[in-house]
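Protein chains in written order, with the working numbering: chain A, 1 to 772; chain B, 773 to 976; chain C, 977 to 1309.
Hints were generated in silico from the structure; no laboratory data involved.
Predicted, not measured: the structure shown is a model, and the values here were computed from it.
Among the hints, erroneous ones may be present.
Said to hold, decoys possible - In silico DSSO-like cross-links for lysine-lysine, where the CA-CA straight-line distance does not exceed 27 Å: (1) Lys759/A - Lys387/A; (2) Lys974/B - Lys667/A; (3) Lys75/A - Lys275/A; (4) Lys313/A - Lys387/A; (5) Lys1288/C - Lys759/A; (6) Lys1201/C - Lys1072/C.
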Amino acid sequence: MAQTINTAVTRTDAPRKVTGTATYAADFMPAGMLHGALATSSVAVGTLTGMDISKAEAEPGVLAVFTRETLPDYKSVKGFYAGGPGSASFWPMNESQLRSYSAGPGSASFWPMEDARIRYAGQPIAYVVAETAAAARRGAQLIEATYDIAESTIAMDPADSFVIGAGDDSDGMVITKGDVAEGLSVATQIVDSEYVTPFQHHNPMEMFSATAEWRGDRLTVWMPSQSVKTLRSGIAKAYDMSETSVRVISPFVGGAFGSKAGVTPYTMLTIAAAKAMGAPVRLIVTRPQMYTVATFRPESVQRFRIGADAAGKLTAFEHIEISQTSQFDAVVNPGTHITRAMYACPNIHTEQRLSRSDTNSGGFMRAPNEMQTFFGLESAMDELAIKLGMDPVELRRVNDTDRHPVADVPFSSRSLMESYDAVADSFGWANRTPEVGSMTDGDWLVGYGCATATYPTNILASNARVRMHSTGEAYIELAAHDVGTGTYTIMAQIAAARLGLPVEACDVVMGEGDMPVAPLAGGSTTAASAGSAVHDACLKIGRQIAAQVSAMSEGPLSGVDPAAITLENGVLKASGGQSQPLIEALASTATGQIEVIGEFRHKAMTDQMIKTTFQGGYGSAGPVTPEMAMFAFGAEMVEVRVHRWTHEIRVPRLHGAFAAGTILNRKTAHSQLMGGMIWGIGSALHEVTEIDTPRARFLNTNIAEYLIPVNADVREIRVEMLDERDDYVNPLGVKGIGELGIVGTAAAIANAVYHATGKRLRHLPIRTSDMV
Amino acid sequence: MSHNKVPPRAGISRRSFLGSTGAVGAVLGAGTQHASAQQSDTGVAPNSQPKIELTINGKRRTLTVEPRTTLVEALRDNLGLTGTKIGCNQGQCGACTILLNGNRVNSCLILALSVNGAKITTVEGLANPDGSLHPMQTAFAEHDAFQCGYCTPGQILSAIACIDEGHAGSADEIREYMSGNLCRCGAYPNIVAAVEAVRDGKEG
Amino acid sequence: MRNFTYHSPRTLADALDAARESGGDILAGGTTVVDLMKIGVREPAALVDITGLTDLEGHEIGPNSIRFGALARMSVVANDQELVAAAPVLTESLWKAASPQLRNVARLGGNILQRTRCPYFRDTAYAQCNKREPGSGCAALDGGETSHHAVLGGSSSCVAKYPGDWAQALIAFDAEVHTQGPGGRRTILFADLHLMPGDTPEVETILQQGEIVIEITVPVVPALKASHYLKARDRESYAFASASAAVGIELDGDTVRDVRIALGGVATTPWRASAAEDSLKGSPLTEATAREAGRIAFAEAQELEGSAYKIKLGADVVAGALMTAKSRANGGK
Ligand SMILES: Cc1cc2nc3c(=O)[nH]c(=O)nc-3n(C[C@H](O)[C@H](O)[C@H](O)COP(=O)(O)OP(=O)(O)OC[C@H]3O[C@@H](n4cnc5c(N)ncnc54)[C@H](O)[C@@H]3O)c2cc1C
Ligand code: SF4
Ligand code: FES
Ligand code: FES
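Chain A with its partners taken away, still in its complex shape (with noise of 0.2 Å):
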């Protein structure tokens, strides 16, 4: 059987998603369901004080209007944050964070329509139930609602900040390495930039939504999730179900970014109804709700002071990031623990540090931690070529390491210099011209920029069930997700390549809460993590039918010692030379067929981390274990132009090399990274949430003005992955790739701004405005 990894293999999704017939969550409609609405609050902080819903009632078609006095049942599910440190990308966690995060996986640990209070804007105050869409969404608003209005304020102050868990308990939230202002007084050259990104939204294609039909004490939920472990075990332990009556559906997600990863309010609310209706509840959320419902990006401050010997060593190494959560939940994505792994330096400080504002709490968000951390340290890194006249490639070069800064363990693998040598010569970086300004072509201004990308390899308890049938079939089922990641490919791939059979025969089961554990798909887990327990259930169905044919008294591998037996691209090999497909050696068994359970657990995870997952939480082991620092590497380079009339900012080349362990399937593999890296173009120049100060409102809540690049905005766009083998990391050897692409794009494009105009835009996103 021919090998399928690595190859690009077509989606085996692909007929679903082109037909529409792939089916998402608010496609499902259950018989006699009704829709439902949410009323958001207006105001920020205050206090309901009163609320008339007979408008809304008198509505023809809707049927009920629910308020936080009259809807029975109703449950919140706390914990996700809750109770310190313990944003899901927190990391790394100690053994108590990681209990107090397993303690209940949920969502922000202030919920709406509990009591009185308003604590941010767009809070859901009420819930329409109605006969269609229309009249709920209707209903919802005529409902009318006065508050006690309290001050509110939407922007952090920076100056007001604070680190949690300081002092012993800080466990990697302040960290200090050699002396940082020796390091400073001893350089040459010193960077000192304070870099600010703003409040982003995921904005998936797909809306949010949920279903819920209760059939007596059995309730089915269909909601686009990245964690429908999560999903489960939240609902069930707030209805005090057993798991088991609980089903979770989620076969195809529409776009997620992390976004659908948590327990919402407007689940618990739809759950809630449809109990109190007595018929399956359907709620669409609406674009502008969406950004006030669940998470998003939080604003933050980068801090960078980097100092260098004129060789362009590093001799000092600060950063501080400042981040914004809400009043009620310390949410934190820790960057600081990324950019230090970055680059050689002696002298290290970083600070993660949290400052407070009237929102529902942030989450993570396509590369949390990287996206605006790497937007600091890698504009810092080339103002400091800059200020040494040197070119930014080589300073990478120069302060390159092989173990990591602080931690001071090796990387399991690290490609940075070569990813960087790959994309200068497809895109040619020889023919850059240092000066600023210097290039140009008509009326347009040409820069170049460049910028270093990496994502950390999180690693996670994982099981999956694979079936094999001697007739050729082979049947994976696992609680993955595949969020347009490629997962069902790829599962199928790792079957195939392992059991020897065509890929279209291996048929791949997920995203329900009753199957096999698979961690949440965020973090870029899923392919290394799920997919080795895919990889380990292949290997067990080749040692046990190895085991029943070595038994049996003829065959080709009858009477060899099983344990002297290996699987190979589906074909039984015997040290002694003997061999027999594994297709052929189980129709020889009197079942002709064989399930397993695939486990993948790594030396570097604790029981609690175990422990954690298998509850529906976050349990991930690395990115630094305390034998190796475990990382993807990339280096991107871009091509800007700004235009001398309409000082708009164009981005016609964006290339990028990138080493990532195994890459399983190269079509697939690729479009993720691509995808990143559109994401960047949109963080660069396109992407912010605008908000309204007196009111500490999110303003630009649609995509019409909240802006994501639209496909002229991007232009050639060239993908190298290189070939990187880690056998550290897990049996595949494979690193995540949905969060690569982003991480080094904006840098890059702030730093070819730069070398176009001389302009140093040190905020993100950076706009036509900013050009004049």
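Once you've looked at the hints, dock chains B and C with the ligands against the given chain A.
Using the frame of chain A, we list chains B and C with the ligands on its own:
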């Protein structure tokens, strides 16, 4: 393919103007009969449930709607044709793109009542009855012109129209004329490649 | 969306009756009106769907004037190659607007009457918006985010910008709007159609309730041929203008005989920059005079917090558009 259309090319328009029967109307408005059949002088009342008839993917369908029912909700919620997606409900994303009398439109800003009698093509109507795919569907699959697949039905219909309209002359033109369909996953370069392949007859 | 009575008249007379009797809104393509109804900003009791009046479709290039039916579609007009050659500004300002799908639906009459994208106007959660709720105040001016608001034509009641593109081409070229209303037929200079906000930002045009736009005419002048619409925006397509300019030029040797300049994305209404035009007439058009014209176009501009960039950007866009028009006047592209 189940729709036949004359692209909305200009030039034809000149023959028609006020007073004459509009040739442009005949092209773009073809088959759209107004709901006046069921309405009295007083119009269709707010909470009435008028019947309308649509030819969807070649099949006649009768359905009852409210005046405020949008075409996309009529397709999805009334008829169960959930291949057409909603990404914003406000004309901002193109996920709800369908062909209305052969022309691509955002079905979320169109009142179902206002297109009574129209011919509609949705993603469900592209493949042949034997299940073989429309060339654009094949091209999207081959070129990995999607990731999550949510924007895909709209992209595919838009892409078909893009070629029919004569707006697929160059990669730049395709980019511009496919910009009414947002893809948050960022599949754009592959979408352009798929459109080029179909334009050049390399698929199907 | 509030439910409504739906009228679909077959004749203009019926449409006028329905509009008058119901007090409802006119529905053309619906890309503005249905959107606003969905978000609760417009709540008409009735809609009068005029798309059955197919007589109002179509457009025609005559020797002296170009006529556009109020129901001509944006896409059809934008694609008319004869019009592209005769009056590029009239097609460029259409295809650079909205998206192909929206342009297939939206009609020219609706296009010129599109409403502002001011986020406070479009979100009923904000109690203050004089345009939506007369007398309620202006959230934008009350400490709000104003970087996308108008720097020309604003008042202390409202600074919402007119978002459309095509209107700039119309105002630059002295278009006229022909209507039929309760008071009969009338012809309005396009420049008089839109009203600056003053103390009554809720009144955006001089049209009466139930008055229907029938057609729009644009006199043919030499400057139409050497015309251009330049639109600056943060993304390459499907975005409203940060600043734009509709220009046209007629040269007599090196000297400017006729020049037209209108500004988009920066003013409360479609905006003719007459003083800037005057500065060029009779002079040579050079990069320096073009820049000076751009500066003059914004001489009266009033920046709000965050919107100063529009003044510089708008001036550069005017200059850049004029340079393209000049090259067109000289037979270039
Ligand atoms: C996401 C998005 C992006 C957009 N981007 C742009 C852009 O970049 N540039 C741009 O210029 N526009 C843009 N638009 C606006 C779009 O061009 C307008 O919505 C459209 O042109 C309106 O035409 P319509 O036929 O749909 O009008 P309708 O919505 O039907 O009507 C608009 C208004 O005009 C009235 N009306 C319509 N026809 C008549 C008539 N004949 N007589 C009297 N009153 C009438 C209606 O009552 C209503 O008040 C965008 C719109 C959307 C939704
Ligand atoms: S600028 Fe005008 S439209 Fe915007 S809030 Fe103020 S009054 Fe309303
Ligand atoms: S759903 Fe219709 S355009 Fe977005
Ligand atoms: S494929 Fe996900 S939005 Fe386009």
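message: What's the verdict on lysine 1201/C and lysine 1072/C, does the C-alpha distance respect the 27 Å limit or exceed it?
response: holds, 18 Å
query: Regarding the pair lysine 759/A and lysine 387/A, is the alpha-carbon distance no greater than 27 Å?
result: Roughly 15 Å between the alpha carbons, so the hint for lysine 759/A and lysine 387/A holds.
- prompt: Does lysine 275/A lie within 27 Å of lysine 75/A when you go C-alpha to C-alpha?
  reply: Between lysine 75/A and lysine 275/A the Cα gap is close to 12 Å, so the pair holds against 27 Å.
- prompt: Taking only the CA atoms, is the gap from lysine 313/A to lysine 387/A under or equal to 27 Å?
  reply: holds, 13 Å
query: Taking 27 Å as the top limit, are the C-alpha atoms of lysine 1288/C and lysine 759/A close enough?
result: Judged against 27 Å, a Cα distance of about 16 Å means the pair holds.
task: Assess, step by step, whether the Cα of lysine 974/B is no farther than 27 Å from the Cα of lysine 667/A, and give holds or violated.
output: holds, 19 Å
Taken one by one, the earlier hints all hold for this structure without exception.
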